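Letter by letter, the chains look like this.
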Amino acid sequence: MNKKIGVYVCECGPNIPERIDIDKVIEELSSMDEVKTVKKHSLLCSNDGKKFLKEDIEKEELSHVVVAACSPKDHENTFMKVCEEAGVNPYLFQLVNIREQCAWMIPDKDEATSKAIKYIKAGIQRVMFHDALKKKELEINVDVLVIGGGISGIEASLSLAGPNRKVYLVEKTDALGGMAGKLSRILPHQGTEMGIVKEKIEQVKNNEHIKVYTSSEVKEVRGFLGNFEAVIKSTQENEEGTEEEIKTGAVVLATGFDLFDLKENPVYGYSENENVVSALEFEDMIHSEKIELKNGKKPKSVALIHCAGRKEKGYCSKVCCMYNLKFAHYLKDNLPDVEVKELYMDLCLPHKQDQSYFDKLKDKGVEFIRMDELVKTKKSGDKIEVEYRNNDKKDKFSVDMVVTSPAMVPSKGTSHLAELMNLPLDESGFFKELHEMLNPVATPMEGVYITGCALGPRNIPESITQSHATSGKILSSLIPGRKVKPEVKVSEIKEDLCTGCQTCLSVCFYGAISYDAFKGVSVVNEAICRGCGSCVGSCPSGAIRSKHFTYYQLYLEVLEALR
Amino acid sequence: MKNQNVLVIGSGVAGMEASLILADAGLKVHLVEKDSLIGGQTIKFEEVYTNMECATCMLAPKQQEVLQHDNITLYLLSEVKKTEGSAGEFKVQIEKKARYVSLINCIGCAACFDPCPVSLDNEFEEGMSQKKAIAIACPGALPNVPAIDPENCVRLNGKKKDCNACEQACGFGAIDFTEKNETINLEVGAVIVATGFDQFDVSGLAQFGYGKHPNVYTAMEFERLYAQNGPTEGKLTLREERPIKSAGIIHCIGREEKGYCSGVCCMYSMKFAHFIKDKSPDAKIHEFHTDLCVPGKSHQKFYEELSKKIDFIRYEDIEVKGKNGSLEINFTSNNGKKNAVKSDMVILSPAMIPSTGTEKLAKILGISQDSMGFFSTKDQNLSPIDSEKEGIFVIGCAEGPKDIPDSVSQAEAAAGRVLSLLQ
Chain A
1 MNKKIGVYVC ECGPNIPERI DIDKVIEELS SMDEVKTVKK HSLLCSNDGK
51 KFLKEDIEKE ELSHVVVAAC SPKDHENTFM KVCEEAGVNP YLFQLVNIRE
101 QCAWMIPDKD EATSKAIKYI KAGIQRVMFH DALKKKELEI NVDVLVIGGG
151 ISGIEASLSL AGPNRKVYLV EKTDALGGMA GKLSRILPHQ GTEMGIVKEK
201 IEQVKNNEHI KVYTSSEVKE VRGFLGNFEA VIKSTQENEE GTEEEIKTGA
251 VVLATGFDLF DLKENPVYGY SENENVVSAL EFEDMIHSEK IELKNGKKPK
301 SVALIHCAGR KEKGYCSKVC CMYNLKFAHY LKDNLPDVEV KELYMDLCLP
351 HKQDQSYFDK LKDKGVEFIR MDELVKTKKS GDKIEVEYRN NDKKDKFSVD
401 MVVTSPAMVP SKGTSHLAEL MNLPLDESGF FKELHEMLNP VATPMEGVYI
451 TGCALGPRNI PESITQSHAT SGKILSSLIP GRKVKPEVKV SEIKEDLCTG
501 CQTCLSVCFY GAISYDAFKG VSVVNEAICR GCGSCVGSCP SGAIRSKHFT
551 YYQLYLEVLE ALR
Chain B
1 MKNQNVLVIG SGVAGMEASL ILADAGLKVH LVEKDSLIGG QTIKFEEVYT
51 NMECATCMLA PKQQEVLQHD NITLYLLSEV KKTEGSAGEF KVQIEKKARY
101 VSLINCIGCA ACFDPCPVSL DNEFEEGMSQ KKAIAIACPG ALPNVPAIDP
151 ENCVRLNGKK KDCNACEQAC GFGAIDFTEK NETINLEVGA VIVATGFDQF
201 DVSGLAQFGY GKHPNVYTAM EFERLYAQNG PTEGKLTLRE ERPIKSAGII
251 HCIGREEKGY CSGVCCMYSM KFAHFIKDKS PDAKIHEFHT DLCVPGKSHQ
301 KFYEELSKKI DFIRYEDIEV KGKNGSLEIN FTSNNGKKNA VKSDMVILSP
351 AMIPSTGTEK LAKILGISQD SMGFFSTKDQ NLSPIDSEKE GIFVIGCAEG
401 PKDIPDSVSQ AEAAAGRVLS LLQ
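In the order they appear, the protein sequences are chains A and B. Residue numbering for the first sequence follows the working numbering, starting at 1 and increasing by one per position. Residue numbering for the second sequence follows the working numbering, starting at 1 and increasing by one per position.
These are computed hints drawn from the structure, not numbers from a lab. Any given hint could be a false lead.
Stated by the list, open to error - DEER-style ranges, computed between Cβ atoms:
1) B:GLU65 to A:PRO14: 46 to 56 Å
2) B:PHE177 to A:TYR555: 51 to 61 Å
3) A:ASN265 to B:GLY108: 53 to 63 Å
4) A:ASP110 to B:PRO117: 46 to 56 Å
Here the structure is a predicted model, which means the values were calculated and not measured. Every residue, glycine too, gets a C-beta built ideally from N, C-alpha and C.
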């Protein structure tokens, strides 16, 4: 192709001419053979500027365009659009930053000018070897696969399902409801009963757009946003081998939590003492309205021990302080004269209404005891002796019954799915969200979201909110009729250079590379690839090429800059 | 729901996220912001916990997206004055104050600042520096276009009607003294309230000496102090420009008075300590707390790492006294013993309270406030972002104290609720 490069130097108002001798720049560049025209403009990103640019590109019949102006983060897209409108492939364009990287940081005008000239020349060398990349569009499926039938999965399903969108809800046990379904009173603030979860399960069952699979697991998930394929397998004995393949556009992981095993640390006295129960077992007692010791008698004193597993796991489970207050309220309201002691490390009451719930308890005569550490929980006749340390002093008391609150840990489903789908886990084994602050329900795999305790300890309102958040993201991106536009500046692997070592696979954060065992080579899925280039650098055979950051492009750019 | 327009009130992290999700889905978003810039409180922070990421860098791409999105119409210096109607057909009246500077012509070159004859305290910088009557809130403010304060500008307030120093300095004809306040009427299908929070006023608590002793800072003041784009460009110094050799950070200020724990202060207090220690490894730091609120996955680890470098003290009573140009923190720790610690600087971590204007806005929208002054929501447990009025949602700290990830989750959830009502 006969290359006709146009170079446009933007003055950016007073920003650039104050520090860079633009006329000198133009003079230097005009003498280059490859350059057909060099022009300046006071403000290229303005409406006037863009009009000027488009008209000049057309007039000069350019094949490539270089703009020397501000940061690509500001206006690369702006000028790429202008190129497209002027009939030039938008990827045959380079924006050279002579504002932030020259004018704004070099006080000496000669030095700044000379750097700007170098930068622009380097950009010209580079752009000549750009490929005319083509944008792609893919048809999408808008249905959703929800894995996990607890309150989070149920809520996500209900908010997503509709006449244009089917939801496939897969639950490994034989019933929906998850952990929330096992609680008696899930809402300490209004004392609402477990009926709420039952109601929601009914809504799911009656929703014609939600297909529920209980006693089922997801065996496989492949694909990318708008184009996932999954295999659902029944785990029931007489239906082994029954598999169903479904197609969806997004996946929501709602695999919930398990509880820290109190048997792991003898300090909790769980195995030795029959009247030491876990919080979940106590929930069962409340549900059956039978708070009793193993000998059938009602306890006259109960200790609620917080933070079991906190030190072992290294995090606070956030919800236990509140549910222990719920337990204390229940005991005081239902067992006459019962003595209640709460043994805790820190009172975690982060929601606006939490503290007042705690304040109400003080009037009921519950004793709150602070501890640095639990020392021992041992049998003492008919009672249980609890020993703890606070401020280097040890102390103890005896009670009839102990209810111990175990830390929330990731469910087994979480680690299984993470491996299956190549998703990262954090240090504690919960799913790792894409960005701690700004993307709390997304994963590095576009189209795969997480909600609820699969992400980490949280309460029911928070899980419900997160389920609605995943639904917000899905409803906003997977719209029936809309197409997905994957990244263009992706990586590609040269088959004849690839040795099949799979190093690239191990460094790909997005799961965009797969290994073709038949051919013995790795392959980039261009629909998932985000163009980060990690694989390019990792390949020991140099078989991987970034479509917009090729070795040749970069080599010429740097060579020119260092001349 | 017929109408596919949505009103979002507040352009902080929550308001921006909700706006972007709805705009990406194809809805028209009207984003109303009372200040002259977008980004809310988060852009005042230098870093956020626990990965200590630069807050302004983190938010800048979101801010740019909001400013450039075809489906988002942004109204700055604007407030909602009236609403009527119901879900699907709300009628809203917005008052947009004049900026006097064109958002289209101004390129943010800042040539108009120096010539302006009027200086005043910069509220964004918690009064720790001055700005002109024509100014941007801070370097990096977006949009990068100044606004003229009509009360202080001598031309606009009539004190010197012929002053046109800024107009003369402007090379782009961006200044327009004739601009008027505007009343805009909109019809929307849903409303999302994201008006954020303010800081509890610590000056009412005499025992901490704020305002009396110069080196007692509030959390927001400290955030601006160590911000790279703040009044000292991130240099950690005391008010008399001495370096900080010791600091005491006191948690839970206002907790008893307000009756709730604000959930984020323990973590940001630790963020402060982490930052000071990073810049001045020899600085002696004490953190005074009641309960340690560390509910996030990475929070306890952050605390454990920090406790190797600084002292954490659990207190029952605490007060700050000034002694011989230094500060002394007198406290009773939870083992009953009384003690004192000298400190160059004291940072007070105050409760989060509903932002000013919450009461007024609640009346305008026809929704109520809870006993703590935050917007009330219908069911704290099942639909924490639904207000009592269908079609009006409350997200972020407008609903109650919370951290950034929870604000973003609520914003995405509100967008989800609005989209699902339309599906």
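Now for the hints, and whether the structure bears them out:
| no. | hint | verdict |
| --- | --- | --- |
| 1 | B:GLU65 to A:PRO14: 46 to 56 Å | violated, 28 Å |
| 2 | B:PHE177 to A:TYR555: 51 to 61 Å | holds, 55 Å |
| 3 | A:ASN265 to B:GLY108: 53 to 63 Å | holds, 60 Å |
| 4 | A:ASP110 to B:PRO117: 46 to 56 Å | violated, 36 Å |
Hints 1, 4, counting from the list given before, are not met by this structure.
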